[in-house]
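Trainee: Residue strings, one per chain:
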Amino acid sequence: MWTGGTQQTGPRAVPRPRVNPPVEQLEFTTQAGAIVFDYRKGAFLPDCETLLVADLHFEKGSYLQAIGGAPLPTYDTPDTLARLSELMDIYRPKHVAALGDSFHDTSAGDRMRAADFEAMNALVARVPRFTWILGNHDPDIPAGLAGDQEDHIECGAFLLTHLPTAPFGEVGVNVCGHLHPKVRIKTRRSRLSVPCWAASHDRIIMPSFGTFTGGLDVEHPAIANELHGARAYFATTGKAVVSLAG
Amino acid sequence: MHVMTAHPDISSGMISPAIPRRIEDWFAAQDWSIRDYQRDMVGQFGRGQDTLLIAPTGGGKTLAGFLPSLCDLAEKDPNAPRALHTLYISPLRALTNDIERNLMRPVGDLDLPIEIGVRTGDTKSYQRKKQQTKPPDILLTTPESLMLLLSYETAPDYFASLKCVVIDEMHSFTTGKRGDFTALALARLKTLAPDHVRFGLSATIAAPDKAAEWLGPTGAPAALIEVAGHTPPEVTIIKPEGRFPLGGHSSRFAVRDIYKIIREHQTTIVFVNTRAQAELLFQQMWDVNDDGLPIGVYHGSLSRDRRQKTESLISAGKMRAVISTSALEMGIDWGNVDAIIQVGAPKGVSRLLQRIGRSNHRIDEASKAILVPTNPLEVVECDVAIKAIADGHRDGEAYGPGAMDVVVQYIVNRACSGPLKKREALTEIRSAWPYRHITKADFDAILSFAVDGGYALKSYERFKRLKATSRGYTIATIPQARRHRMNIGTIVEYAKLKVRRIPSPKSKRGRVIGEIEERFVMHLNPGDTFAFAGETLRYQGIRDMAVEAVPAKRARPKIPAFAGGMMPLSSYLAEGVRAVISDPTRWHRLPDQVEHWLTLQSLFSDLPGRDGLLVESFFDRDDHVLVVHTFEGRKVNNALGFLLTKRMEALRLAPINFTITDYALTITSLEPVNTLTGLLDADILETELDDWIVNSPMIKRSFRKIATIAGLTEQRLPGQQRTMKQVTFSTDLIYDVLLKYEPDHILLRIAREEAEKDLLDIDRLRGFLTQVAQTTVFRTLPHASPLSIPAMMQIGKERVLGEAEQRMISQVGQASAGSLQDYMNGVGHSLLEQVKDYVDRRDTTDGPARGSAPSR
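These protein sequences, in sequence, are chains A and B.
The first sequence maps to residues 1 to 246 in my numbering.
The second sequence maps to residues 1001 to 1856 in my numbering.
A portion of the hints provided could be inaccurate.
[Claimed, not checked] Over 10 Å on every C-beta distance to chain B, these chain A residues come out as not near it, computed from the model:
{"hint": "1", "residue": "T30"}
{"hint": "2", "residue": "E49"}
{"hint": "3", "residue": "G68"}
{"hint": "4", "residue": "T74"}
{"hint": "5", "residue": "I90"}
{"hint": "6", "residue": "T106"}
{"hint": "7", "residue": "A125"}
{"hint": "8", "residue": "N136"}
{"hint": "9", "residue": "D140"}
{"hint": "10", "residue": "A143"}
{"hint": "11", "residue": "H152"}
{"hint": "12", "residue": "L163"}
{"hint": "13", "residue": "P164"}
{"hint": "14", "residue": "G172"}
{"hint": "15", "residue": "F212"}
{"hint": "16", "residue": "G214"}
[As the list claims (entries may be wrong)] Derived CB-CB ranges, DEER-like:
{"hint": "17", "chain 1": "A", "residue 1": "A222", "chain 2": "B", "residue 2": "P1479", "range": "43 to 51 Å"}
{"hint": "18", "chain 1": "B", "residue 1": "D1736", "chain 2": "A", "residue 2": "A114", "range": "19 to 27 Å"}
{"hint": "19", "chain 1": "A", "residue 1": "N136", "chain 2": "B", "residue 2": "K1498", "range": "24 to 32 Å"}
{"hint": "20", "chain 1": "A", "residue 1": "S85", "chain 2": "B", "residue 2": "N1695", "range": "53 to 61 Å"}
{"hint": "21", "chain 1": "B", "residue 1": "S1470", "chain 2": "A", "residue 2": "A122", "range": "50 to 58 Å"}
{"hint": "22", "chain 1": "A", "residue 1": "H228", "chain 2": "B", "residue 2": "Q1308", "range": "46 to 54 Å"}
Just so you know, these hints were derived from the structure itself, not from any lab.
This structure is a prediction, so every number in the text was calculated from the model and none was measured.
Glycine included, every Cβ here is placed at the ideal spot set by N, Cα and C.
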């Protein structure tokens, strides 16, 4: 029989499932080889020492000012550059590939501050090779900017493109941008939506890197239709990358 | 009898102002006599004296506001060119339609040469055009539509002839951003037509002197006419057949009781606190409506057609009941409403009185209201409110300084209509009472933001919203003016989609019946059913930016979540509730069940002291829960939530999130709290909070609203469909970037100040902690106590961005626990059994005497 005051105990100590500590980088093995996901929203291909970022959208802030009329702060370009520079310091790549939509629009170069333009060229000069893969937002990159321009790049069996593209060969993997995937994470008591890599056996869609870029849920047909068979998501949260089953 | 108190200038011995003969005759023909204070208003108009009229609902208050204009206009030269004479400002669109109907009667009967126009968001574009070229004599509008009119270049001419402004339901304007917005619009009108008179009308105002200051220009408070002497309302708490639930806000337990009341009355308005509750209760009423009574539902998300149809059915006496949110709370005059039911906590004495005032508009008969609290704490709250009404207490309104983001919008609005000179603009802004103390430095920072964002880092090609000319600042481009006009207002809403009701799955056409929040639609799959506009609809899909849905069988529909349902509890009621709970000698007023609930609480755990603090700790589902029963209101609980979780984070207790109600703070954590030592010490206030607060999701939500009001981002972009989802996301990004590169920017300063003012009350928390630090009672319990259940059932959690979040994200994919509702059905049910058990034993063995301290 319940009576007040006689059965009081302290909160139970409950054993919790062992949890792996949060990791900043996570290595994922694909049929084309290894790829490292960094919570800073860049990926690294160890075999060809290539650092990948997608959808930088430089000058989106000034675009929204000029076209949308919004009095937004335009710190996005210098911030995106600073974050890319940080990744280059960590991975010391031989090659940096920006997977398209690096510039928000074709007039981005005209609006860019001279200081940012110089910083960008300095960044390109720091690595042996820097490639701007052209995207739908940036069919041309601004004149006077260093770095190669490509439609696509092959790194071993990895095919690097802006738009999702079928990889070559049986073990090929396409790494692309364009879609800005985000994944919803439901923990017991909260809900989050965070940028992620969305992967199936032959495709990895990169999260968008630009400071002012938004995202699209991975359940959206535009993303879901590009992934075939079993899926995996690699979410960037706080200071960690978390692997989620699709 | 009517008692009149007034400022000396209108005290005794006044000469009766002249009222045109035919208007006097019209009153006589209606079998009405013109009341003294109605006559006085005509006198005040003649003297050019701004006046606040406080009179009970049903006393002819609205007519008093319009009588001076009717008298003045009745005498006008019918051949004079038409010009705007009177502007009526209402907080609700519904009210303008109702006032138009009521005004048309004397105007029509007397064949007065008066044109009346309505201008709201519902007004069709051809009517707007007509109003612009041929102004009506009397224009009925809302603050947002008024601001839009003020943004046109024609505004100085349009308003130059203005003689009178009537602000109805003024209590709803005196606080909050919408009030600040209205005050600025009034200041502008005073510049355009310096000689017009301002009349404020209200039924309930706690601090009439402050309201009178708000109404007049700075330094010239309005005169005050207070009419008292109405019959006090009869307010009772429902006596349900069943029991009050132990937590949550569901009215299901009382549906049959509510139905019985509806049957016993001619017309009943059932007020609920949220739109979701309105839809839910309507569905539930439908289940018990054995007599097929005409019962309707009314809230702001329904289409204009739906709302107007319901309004006319009520006024024609063809509705027996309507279930409504605050949308029907104000003004509308329906003589045949004879009962008010308030479902859920009243939240404030003034708000409750306002709702009660909807019934029985005859001033000499008592209004009748029945309160339906949905958990024991709400029962206590209702009891305190009833006593407060009987004792004549009212909630105090908080008259703080005006919000700065509203000034940004005002400046841009002003620049749209013509050149703005800095000194004149500052003088005009200061003449609005909430902004009387605005500094030149703040004004400069706000103007600088309005011009180009005011950032330290400029673009190469400088962007401008306003351009400086020799005559002053003007809007830089026509698209900028259009962008501004589409975003006027201070009510920042979640993105909505229209709901198109398709008669059958095969048909192609349908009618739009209202709007639904996009974030709710995101959770719907085709085939799901949801309750809307009082029926169950099956979701088909989205086409042309509208949700398409067909009528469906009523099988457990989802209830849409509508934002903005959380009304803050007045601190007066919060303190009253603590006083009752802490004092067993006052429990006899409460229903037996609630008395037993409190006794159970005192036995199982403890009671919070009159000035003491009760803290409870227990394990629930997968987490440890700490409930801090402060009874100090949301702001204090919010501030304490930040401080405590920060401490807990430092102590590696891994707090997950915290929830606040008006009464308690609930923190869940991965590790147990076994002692308050080191947690709730007095030095907790010295914790460095700034870093914690500026990174909280809470301040980002504030920033989203500020950014929208200040025009940084918009609700609607011209020619481009942009969803609110994106806006939410991008304001977070903007916030993060500003915090990183320009932490002193004016918008961040506004966000921080607003959070401190509206969300945290550090000063009051300090007082509370020093006062109660000595008398804290800490109990560790085997499970939730009766008192903690309402707190645990609260939704709306504040995430703690710390270790726990990382740990939980790492656990994603593991089996998730049941919902809180499951919890309620489990623990809540067993507690109920315990209450029953206790009552049974008490009845047979004359158990523990009321209020005796249980041995421990």
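Trainee: Now, for every hint given, state plainly whether the structure supports it.
Mentor: Consistency of the hints with the structure:
With a minimum CB-CB distance of about 21 Å to chain B, T30(A) clears the 10 Å threshold, and the non-interface call stands. Non-interface call for E49(A) relative to chain B: holds, since the shortest CB-CB distance, roughly 30 Å, exceeds 10 Å. Non-interface status of G68(A) relative to chain B is broken: a Cβ of that chain comes within 10 Å, the nearest being about 6 Å off. With 10 Å as the threshold on Cβ separation, the claim that T74(A) sits away from chain B is violated: the shortest Cβ distance comes to roughly 5 Å.
Listed as outside the interface, I90(A) is consistent with that label: its C-beta sits roughly 19 Å from the nearest C-beta of chain B, beyond the 10 Å cut-off. For T106(A), the non-interface assignment is confirmed: its Cβ lies about 15 Å from the closest Cβ of chain B, beyond the 10 Å cut-off. With a closest Cβ-Cβ approach of about 22 Å to chain B, A125(A) is found to remain outside the 10 Å limit, as its non-interface label requires. Look at N136(A): its CB is around 18 Å from the nearest CB on chain B, clear of 10 Å, so calling it non-interface holds up.
In this structure D140(A) is separated from chain B by more than 10 Å, as the shortest Cβ-Cβ distance comes to about 19 Å. No Cβ of chain B comes within 10 Å of the Cβ of A143(A); the nearest lies about 15 Å off, and the non-interface call holds. Separation of H152(A) from chain B is adequate, the least Cβ-Cβ distance of about 29 Å exceeding the 10 Å criterion. Look at L163(A): its CB is around 22 Å from the nearest CB on chain B, clear of 10 Å, so calling it non-interface holds up.
At roughly 22 Å from the closest C-beta of chain B, the C-beta of P164(A) stays outside 10 Å, upholding its exclusion from the interface. Once the 10 Å rule is applied to beta carbons, G172(A) is consistent with being away from chain B; the minimum gap is 29 Å. The claim that F212(A) is not at the interface with chain B is violated, since a C-beta of that chain comes within 10 Å of its own (minimum 6 Å). In this structure G214(A) is not separated from chain B by more than 10 Å, as the shortest Cβ-Cβ distance comes to only about 5 Å.
For A222(A) and P1479(B), the hinted distance range of 43 to 51 Å is not satisfied, since their beta carbons lie about 30 Å from each other. A hinted range of 19 to 27 Å for the beta carbons of D1736(B) and A114(A) is consistent with their spacing of about 26 Å. For the pair N136(A) and K1498(B), the beta carbons lie near 31 Å from each other, so the given range of 24 to 32 Å is met. About 24 Å separates the C-beta atoms of S85(A) and N1695(B), a value inconsistent with the hinted range of 53 to 61 Å.
Separation of S1470(B) from A122(A) is about 43 Å and departs from the stated range, judged on CB atoms against 50 to 58 Å. In this structure, H228(A) and Q1308(B) meet the distance hint of 46 to 54 Å, their C-beta atoms being roughly 53 Å apart.
In this structure, the earlier hints numbered 3, 4, 15, 16, 17, 20, 21 are contradicted, and the remaining ones agree with it.
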